[in-house]
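Go by the hints and put chain B onto chain A.
Quick mapping for you: the protein sequence lines, in order, are chains A and B.
Under this note's numbering, the letters of the first sequence match residues 3 to 59, in that order.
Under this note's numbering, the letters of the second sequence match residues 5 to 304, in that order.
Quick caveat, the hints were computed from the structure, so don't treat them as lab data.
Hints may contain errors.
Cut-off 30 Å, straight-line C-alpha distance, at most; resulting in silico cross-link-like pairs (DSS-like, lysine-lysine) [stated by the list, open to error]:
(1) A:26 to A:15
(2) B:219 to B:163
(3) B:293 to B:214
(4) B:180 to A:26
(5) B:293 to B:163
(6) B:214 to B:100
(7) B:293 to B:219
(8) B:301 to B:214
(9) B:180 to A:58
(10) A:58 to B:100
(11) B:293 to B:100
(12) B:180 to A:15
Every beta carbon over 12 Å from chain A, so not counted as near; a handful from chain B, in silico [as the list claims (entries may be wrong)]:
(13) 24
(14) 40
(15) 85
(16) 112
(17) 134
(18) 171
(19) 177
(20) 215
(21) 296
(22) 301
Using N, Cα and C, we set each Cβ at its ideal position, and we do this for glycine too.
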Amino acid sequence: MRILAIITLGRDKVASGVPIFYAKDQEEQDNLCLLLSRILGAAVHDLQNGVKVIVKH
Amino acid sequence: MRYILTIIAATLAGLGARWYMLRRDYRQYPSYPQGWAIHLFLGFIGGLLGAIIVPAFLEEEYAAISFLLLAASQFREVRNMERSTLQAMEATELVKRGTAYIEGIARVFEARNYLAIWVSLSVAIVSESLVMLGWLRLPFSILVGSLIAMGLNHVMHGKLVGDIATITLAEIQFDKSMLVVEDLRIMNVGLEDAQNVYLERGLAGSISPKDPNSKGTLANLGQMQAIAHDVSSMVGIYMDVGEQEFTPIVRRNPDTGTLYLVMIPSEQDENAFLAAIRRVPVLEGAIRKPLTSVAGKMMD
Numbered sequence: 003m004r005i006l007a008i009i010t011l012g013r014d015k016v017a018s019g020v021p022i023f024y025a026k027d028q029e030e031q032d033n034l035c036l037l038l039s040r041i042l043g044a045a046v047h048d049l050q051n052g053v054k055v056i057v058k059h
Numbered sequence: 005m006r007y008i009l010t011i012i013a014a015t016l017a018g019l020g021a022r023w024y025m026l027r028r029d030y031r032q033y034p035s036y037p038q039g040w041a042i043h044l045f046l047g048f049i050g051g052l053l054g055a056i057i058v059p060a061f062l063e064e065e066y067a068a069i070s071f072l073l074l075a076a077s078q079f080r081e082v083r084n085m086e087r088s089t090l091q092a093m094e095a096t097e098l099v100k101r102g103t104a105y106i107e108g109i110a111r112v113f114e115a116r117n118y119l120a121i122w123v124s125l126s127v128a129i130v131s132e133s134l135v136m137l138g139w140l141r142l143p144f145s146i147l148v149g150s151l152i153a154m155g156l157n158h159v160m161h162g163k164l165v166g167d168i169a170t171i172t173l174a175e176i177q178f179d180k181s182m183l184v185v186e187d188l189r190i191m192n193v194g195l196e197d198a199q200n201v202y203l204e205r206g207l208a209g210s211i212s213p214k215d216p217n218s219k220g221t222l223a224n225l226g227q228m229q230a231i232a233h234d235v236s237s238m239v240g241i242y243m244d245v246g247e248q249e250f251t252p253i254v255r256r257n258p259d260t261g262t263l264y265l266v267m268i269p270s271e272q273d274e275n276a277f278l279a280a281i282r283r284v285p286v287l288e289g290a291i292r293k294p295l296t297s298v299a300g301k302m303m304d
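Here chain A stands alone, though its shape is the one from the complex:
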């Protein structure tokens, strides 16, 4: 299991480590998550604080 990318609404919630994508609103975040999960062949998980992670299982 590995985190491949982080998509966040709040810049203060994440540090570096894996690629981070900043989204300006929920809609853009959902769209980015969908695109990235299909590109990377991985699942989207919601950390419920405005941060979503793409995880390869």
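For chain B alone, kept in the frame of chain A given last:
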């Protein structure tokens, strides 16, 4: 040429027994004509081995019997062959069989060759003991062979999940992004679209063990993976390569030992879904019997 009738009848009986047992393998190999050719030929060899043992014994050719027994040990290779085939095919499965299921299938295939040898051996024994009847011994041999083949097949038939557990339908709910079934948090689904697919098309089954033995058996990870694989191969699955969030998932409630299978079948037919769960075989390697131990009895 004294024994020709016995050898032919017993060999054909062994081959027939292997063919009879092969017919039940549809779930493990949905379309596999080449596999049939391989196993029928192995059944033929097994039948011949079993057939020749009796004349060799009657002629007091004990060296020949030793060689025949040595040849029979070559059937161990069948297990390795099936294992490597299935492991090689594992990468092409949307839902993995899992190593426990593969081991189970490989073992069954090896065992069935030995059963074919038993059947041909019994036919040869009957045929040689009734040698004074001439051609009339054939019907008796065939009858004994069929009875033994059916008996062995019946004895070797393992249990199904429906025998050791009660299967019911459960409701899929979401607590924010967590997929919840009967208060058990199963997994985190981050995409709202994926959550809607689960709510609209998803099905959840609850598999509650009937006794502590079944509880131990169902707690095996290989058994859980086998349920996910078999149900998806029976009712079909709504997912594509790379859509990991739609992979069927089996989770266990640690309080009760109940398993929950959550998946999105290709058609939303609840009865077919439940029937498929009931038909999943209980893996021989997963069976646990805690109730036969002293500690297990004390806890019951």
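Hints, one by one, checked against the model:
no.: 1; hint: A:26 to A:15; in the structure: holds, 14 Å
no.: 2; hint: B:219 to B:163; in the structure: holds, 14 Å
no.: 3; hint: B:293 to B:214; in the structure: holds, 13 Å
no.: 4; hint: B:180 to A:26; in the structure: holds, 21 Å
no.: 5; hint: B:293 to B:163; in the structure: holds, 14 Å
no.: 6; hint: B:214 to B:100; in the structure: holds, 27 Å
no.: 7; hint: B:293 to B:219; in the structure: holds, 9 Å
no.: 8; hint: B:301 to B:214; in the structure: holds, 16 Å
no.: 9; hint: B:180 to A:58; in the structure: holds, 21 Å
no.: 10; hint: A:58 to B:100; in the structure: holds, 16 Å
no.: 11; hint: B:293 to B:100; in the structure: holds, 27 Å
no.: 12; hint: B:180 to A:15; in the structure: holds, 19 Å
no.: 13; hint: 24; in the structure: holds, 42 Å
no.: 14; hint: 40; in the structure: holds, 35 Å
no.: 15; hint: 85; in the structure: holds, 31 Å
no.: 16; hint: 112; in the structure: holds, 30 Å
no.: 17; hint: 134; in the structure: holds, 63 Å
no.: 18; hint: 171; in the structure: holds, 26 Å
no.: 19; hint: 177; in the structure: holds, 16 Å
no.: 20; hint: 215; in the structure: holds, 33 Å
no.: 21; hint: 296; in the structure: holds, 37 Å
no.: 22; hint: 301; in the structure: holds, 39 Å
Comparing the model with each numbered hint stated earlier shows that all of them hold.
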